[in-house]
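**Student:** Got chain P sorted already, so can you dock chain B onto it with the hints?
Listed here are the chains, written in short residue letters.
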Amino acid sequence: MSMRMLRNQEDAEDALQETFLQVYRGLKGFEGRSTFSTWLFRLATNVCLMKIRHRETEPAKLLPLEEYIPRPEEGGRPQIQDWPDKPEEVLLNKESREKMLEALEKLPAEYRAVFVLRDIEGFSNSEVGEALGISVAAVKSRLHRARLTLRGMLSSYFQRKAF
Amino acid sequence: MKCKDILEKLSEYIDGELDPMLCQDLERHMKDCHPCLVFVNTLKKTITLYKYAGSEPLPKEVHLRLHDYLKKECKGS
Chain P
1 MSMRMLRNQE DAEDALQETF LQVYRGLKGF EGRSTFSTWL FRLATNVCLM
51 KIRHRETEPA KLLPLEEYIP RPEEGGRPQI QDWPDKPEEV LLNKESREKM
101 LEALEKLPAE YRAVFVLRDI EGFSNSEVGE ALGISVAAVK SRLHRARLTL
151 RGMLSSYFQR KAF
Chain B
1 MKCKDILEKL SEYIDGELDP MLCQDLERHM KDCHPCLVFV NTLKKTITLY
51 KYAGSEPLPK EVHLRLHDYL KKECKGS
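Top to bottom, those sequences are chains P and B. Residue numbering for the first sequence follows the numbering used here, starting at 1 and increasing by one per position. Residue numbering for the second sequence follows the numbering used here, starting at 1 and increasing by one per position.
Here chain P stands alone, though its shape is the one from the complex:
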C-alpha cells in the first residue's frame, strides 16, 4: 500500500517501518472499535499522507466532471476507443505497471488514498471512511473522481495497445 501511495521505494519502506513501529507502540491503546486491519491501514495512510505533504510538490488538479463525458462519434470515426481484451497478466508488463504507477502518483493524495484502500486493498466504503475520517458519501465521490481521472490518464496508452 505504501509503495502505491508513495511510489518511491525508499519512502515506501520508511513508511512501512514507521507504521509498524506505531502499531507496536499503539497496540495497548487499540480498543477494538474498528477491525485491526482498518486501524492498521489508518495508521499506514496517515504516515503516507504526512510524507506526501512533506514533499511539497504541487498537487495534481482534477478536471471538472463534464470534461470526462464521452464525445459522440463524428464522421464515422469513433472518438473513444476500447482497450485491448487481453488478460491482465499480458497487459501488465513492466512498462504498463510503470504507466499506472505514474498516473496514480499524479492523483491528489486524498483521492489516491481512497482509490488505493478501496479498489486495490479491497476495503468497503465504510471502512475507508473510518480509516480516513471522512463520510461514506465523500469516499464514494472521491473514488468516482479518482477512477475517472486514472482512466483518462491511461486511455491513450492502453488504446494504442489495442492494435
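Hints listed in this document are in silico derivations from the structure and should not be mistaken for laboratory results. Honestly, I wouldn't trust all of these hints.
Said to hold, decoys possible - With a straight-line Cα cutoff of 27 Å, these simulated DSS-like cross-link-like pairs (lysine-lysine) come out:
| no. | chain 1 | residue 1 | chain 2 | residue 2 |
| --- | --- | --- | --- | --- |
| 1 | P | K86 | B | K75 |
| 2 | P | K51 | P | K86 |
| 3 | P | K51 | P | K28 |
| 4 | P | K140 | B | K44 |
| 5 | P | K28 | B | K72 |
| 6 | B | K45 | B | K9 |
| 7 | P | K99 | P | K51 |
| 8 | B | K75 | P | K106 |
| 9 | B | K51 | P | K161 |
| 10 | P | K106 | P | K94 |
| 11 | P | K94 | B | K51 |
| 12 | P | K94 | B | K9 |
| 13 | B | K72 | P | K86 |
| 14 | P | K106 | B | K72 |
| 15 | B | K4 | B | K31 |
| 16 | B | K60 | B | K75 |
| 17 | P | K86 | B | K31 |
To be verified - Pair ranges (Cβ atoms, derived):
| no. | chain 1 | residue 1 | chain 2 | residue 2 | range |
| --- | --- | --- | --- | --- | --- |
| 18 | B | M21 | P | E95 | 23 to 29 Å |
| 19 | B | E12 | P | L92 | 33 to 39 Å |
| 20 | B | D68 | P | L65 | 31 to 37 Å |
Glycine is no exception: its CB is placed at the ideal position from the N, C-alpha and C atoms.
**Tutor:** Then chain B, alone, in the frame of chain P:
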C-alpha cells in the same frame, strides 16, 4: 438519460450499488451510445488492472529489513 447523467452514476453502476430502475435506464442508453459503452468498459478495466497489479506480495528482503528495524527499535521497550 443523457451521457452526463450516465457519467455521474458509473461507479455506483460498476459497484452494483445503483438503483435497479436507474440500472435499466443506463443499460438502455448504452445500447444506443457506443462512446458510453466503451467508457464503461475502459473504466472497469482501469479498476481490474489496478486490482491485479496491486496483488504483489511484499518482497522478502523488505520483510527482513522491517523485522530487523522493529527488533532494533523495540528492544527493551
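**Student:** None of the hints should be skipped; say for each whether it holds.
**Tutor:** Here is what the structure says about each hint:
no.	hint	result
1	K86(P) x K75(B)	violated, 50 Å
2	K51(P) x K86(P)	violated, 36 Å
3	K51(P) x K28(P)	holds, 25 Å
4	K140(P) x K44(B)	holds, 16 Å
5	K28(P) x K72(B)	holds, 20 Å
6	K45(B) x K9(B)	holds, 17 Å
7	K99(P) x K51(P)	holds, 22 Å
8	K75(B) x K106(P)	violated, 39 Å
9	K51(B) x K161(P)	holds, 19 Å
10	K106(P) x K94(P)	holds, 19 Å
11	K94(P) x K51(B)	holds, 16 Å
12	K94(P) x K9(B)	violated, 33 Å
13	K72(B) x K86(P)	violated, 47 Å
14	K106(P) x K72(B)	violated, 35 Å
15	K4(B) x K31(B)	holds, 16 Å
16	K60(B) x K75(B)	holds, 22 Å
17	K86(P) x K31(B)	holds, 23 Å
18	M21(B) x E95(P): 23 to 29 Å	violated, 43 Å
19	E12(B) x L92(P): 33 to 39 Å	violated, 27 Å
20	D68(B) x L65(P): 31 to 37 Å	violated, 47 Å
The structure does not agree with the numbered hints 1, 2, 8, 12, 13, 14, 18, 19, 20 stated previously, though it agrees with the rest.
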